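> Protein chains in written order, with the working numbering: chain Y, 49 to 311; chain E, 49 to 311.
Bear in mind the hints are in silico, worked out from the structure with no lab data behind them. Keep in mind it's a predicted model, so treat the numbers as computed, not measured. Among the hints, a few may not be true.
As the list makes no split between identical chains, a pair holds if one copy fits it or if it spans any two.
As the list claims (entries may be wrong) - The calculated SDA-like cross-link candidates involving lysine to any residue, where the alpha carbons are at most 20 Å apart (straight line), are: (1) 173 / 263; (2) 115 / 52; (3) 226 / 182; (4) 115 / 54; (5) 136 / 259; (6) 136 / 245; (7) 173 / 243; (8) 221 / 261.
Protein chains: 2
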Amino acid sequence: MSNRYRILITNDDGMAAPGLRALVEVARELGEVIVVAPNSPQSGQGHAITIEEPLRLFPVNAFPGIKAWECSGTPVDCVKLAKHVLLKDQPIDLCVSGINHGSNASINIIYSGTLSAAMEASLEKINSIGFSLLDYSWDADFRPAQHYVRHIMEYVLETGLTDCKLLNVNVPKLPMEKIRGLRICRQADARWRENFVEATDPRGQKYYWLTGEFVNGDPQDDTDIWALENGYVSVVPSGHDLTHHRSIPPLKPLEQTTIPQKI
Amino acid sequence: MSNRYRILITNDDGMAAPGLRALVEVARELGEVIVVAPNSPQSGQGHAITIEEPLRLFPVNAFPGIKAWECSGTPVDCVKLAKHVLLKDQPIDLCVSGINHGSNASINIIYSGTLSAAMEASLEKINSIGFSLLDYSWDADFRPAQHYVRHIMEYVLETGLTDCKLLNVNVPKLPMEKIRGLRICRQADARWRENFVEATDPRGQKYYWLTGEFVNGDPQDDTDIWALENGYVSVVPSGHDLTHHRSIPPLKPLEQTTIPQKI
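So here's chain Y without its partners, still in its complex pose (with noise of 0.2 Å):
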């Protein structure tokens, strides 16, 4: 394939990353590449964008050959540094985000940095991927991730994306011969059922600590998290539309209730 694809490189786990030099393995071959991601890890950053502070870009020599900004901000400001200052809005063919180490299936869209750094760009038309392998490990084996990912990203550059800019692809952790292929999914009905470990720190002083468990109450075939159990990577086509269209008509009836015009 020629050099005439741009793609744009980010994540949420930082440049240090394996996942993100993975991602820039598979992108070196397709296209000229710039790569700009958090300088400080933005797990679970979810579509935080920087307002009250100034942000800050560095250059750096991560990747042979490859040009690389380290940013200060969320991996949305990533995606928006680069769109605005660093490229100067000229066109972007493709911005893949990740590979995030962990799954950004169901209801993690909403929390992850990577996810939201990729529906970011798919914001300006530019057809977006966020990749994430279900390997929280830094050692964790990202060939068979790779094999996909470059499927995917292919399929992409050639074909387009049409109505919808962003895929979200989930990898699930099996050697090679073990992943039955792809499927196109849906979002599955999952959240997680939250806990708090409660702790005092050397203060003295009281502390919580965010941890919890992935709850699936969706069974049905459709799913990503159906596929990922079942051994297929998992793509889910994903919009930014929040609207529960069919809640529209049931709620009518606020509108017309008398409002008395005293406050």
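Position chain E relative to chain Y; hints supplied.
Structure of chain E alone, referenced to chain Y:
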């Protein structure tokens, strides 16, 4: 109305925000109120959660007769700690967030700490409402907003929300007599056109500060932006399914493509 309802209040502007006070004034007439608000500004924090460090809770005497805590985390953290630590999973009849100083209509819902806090409660199957007034001023007149806040809270407490558990409510910056009523709407397909102010700090280092312009390319009359521009309070029933359902069938060819079994 009796004191039978338990109402959790949070926001993203912190305990001192006039919008929070305005919300407490309404809610305390409707039930038992618990306030958990961030102890630092959290605008634009989206659905960020704190996982890399511990969280703290500080009881404060902010409103006479009302239990209130400041939290070191994000708005979503406030809701998680309120539900699981402070209230020890006792039932919550309603979670209200705000009143935010500034619009959270349309795409702002994904950047908004105010709405993300309410969404977090909705994930716990708690009826939840995010309230925002289209006035950034700390001296904004919240009285017209309070009127509609009370009306909508009473409706939700008495009628309940069934399928959808989250309402995104925005109030135009208008005197009471100019507000034309409520509209149940969908989220407009609008976005921010970003810009960055570039400048140099006192140490000679370059920085970037996010700014931008809200652009609505969705002129139909069933959106929240239309309602607000035409003098109505907008109410958008909102969910957390980001699946772009109509894009599932056209992406099916990606499943069929032959995948070589070598890496």
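> For each hint, tell me whether it holds in the structure or not.
A quick look at each hint next to the structure:
1. 173 / 263: So residue 173 and residue 263 pass the 20 Å test across copies only (14 Å; inside, 33 Å).
2. 115 / 52: Result: close within a single copy only, 16 Å intra versus 60 Å inter.
3. 226 / 182: Only inside one copy: residue 226 and residue 182 sit 14 Å apart there, 53 Å across copies, limit 20 Å.
4. 115 / 54: Cα proximity of residue 115 and residue 54: one copy only (12 Å, versus 54 Å across).
5. 136 / 259: Answer is between: at 15 Å across copies they meet the 20 Å cutoff, but 41 Å inside does not.
6. 136 / 245: Between copies only: 13 Å across chains, 45 Å inside a chain, cut-off 20 Å.
7. 173 / 243: So residue 173 and residue 243 pass the 20 Å test across copies only (17 Å; inside, 38 Å).
8. 221 / 261: Within one copy only: 18 Å inside a chain, 42 Å across chains, cut-off 20 Å.
The structure meets every hint from the earlier list without exception.
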